[in-house]
Amino acid sequence: ISTEQAHHSHGLRDKWESMYQLLKEYRAEHNHLCPSAHQTYKGQNLCSWVHSQRTTFRLRQQGKLGASSLKMTDQQIALLNEIGFVWDLRNSAHASTTEGTKWNIMYHLVK
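With the working numbering applied, the sequence shown covers 1 to 111.
Since the hints were made in silico from the structure, they are not lab data. Be aware that a few hints might be false.
Listed next, the in silico DMTMM-like pairs over lysine to aspartate or glutamate satisfying Cα-Cα at most 20 angstroms (straight line) [what the hints assert, rightly or not]: (1) LYS42 <-> GLU17; (2) LYS42 <-> ASP14; (3) LYS24 <-> ASP14; (4) LYS42 <-> GLU29; (5) LYS71 <-> GLU17; (6) LYS71 <-> ASP14; (7) LYS42 <-> GLU25; (8) LYS64 <-> GLU82; (9) LYS24 <-> GLU82; (10) LYS24 <-> ASP74; (11) LYS15 <-> ASP74; (12) LYS15 <-> GLU25; (13) LYS71 <-> ASP88; (14) LYS24 <-> ASP88; (15) LYS64 <-> ASP74.
Label pairs and their in silico Cβ distance ranges [claimed, not checked]: (16) GLU29 <-> ARG54: 16 to 26 angstroms; (17) THR55 <-> ARG13: 15 to 25 angstroms; (18) GLY63 <-> GLN39: 27 to 37 angstroms; (19) HIS51 <-> THR73: 14 to 24 angstroms.
All residues carry an ideal CB built from backbone N, CA and C; glycine is no exception.
Build out the structure end to end from the sequences listed, making use of the hints.
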């Protein structure tokens, strides 16, 4: 691994950590983990990041991840699970939320 690749990888890890912390703050303020697509949160497009986590996780589960920059670690998955991250909004069997919270999540997604 070259120095440039290592620096790029470290930068991606830092960015992930930063967005994860932002998501935790968002949850503390809004009581859910589905930010609106039509607004930013503290200057960041948190909805886009949440969506990319779900997409990356799904691709990982399907064994379809290619580029190393897109890989999601077991530790990242565990951290997201710890805060109640919902991996698949369409499948309530995978959602660790109550019906009322799921309704609020969907409401915020279309808002």
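Just pull the numbers of the violated hints for me, sorted ascending.
8
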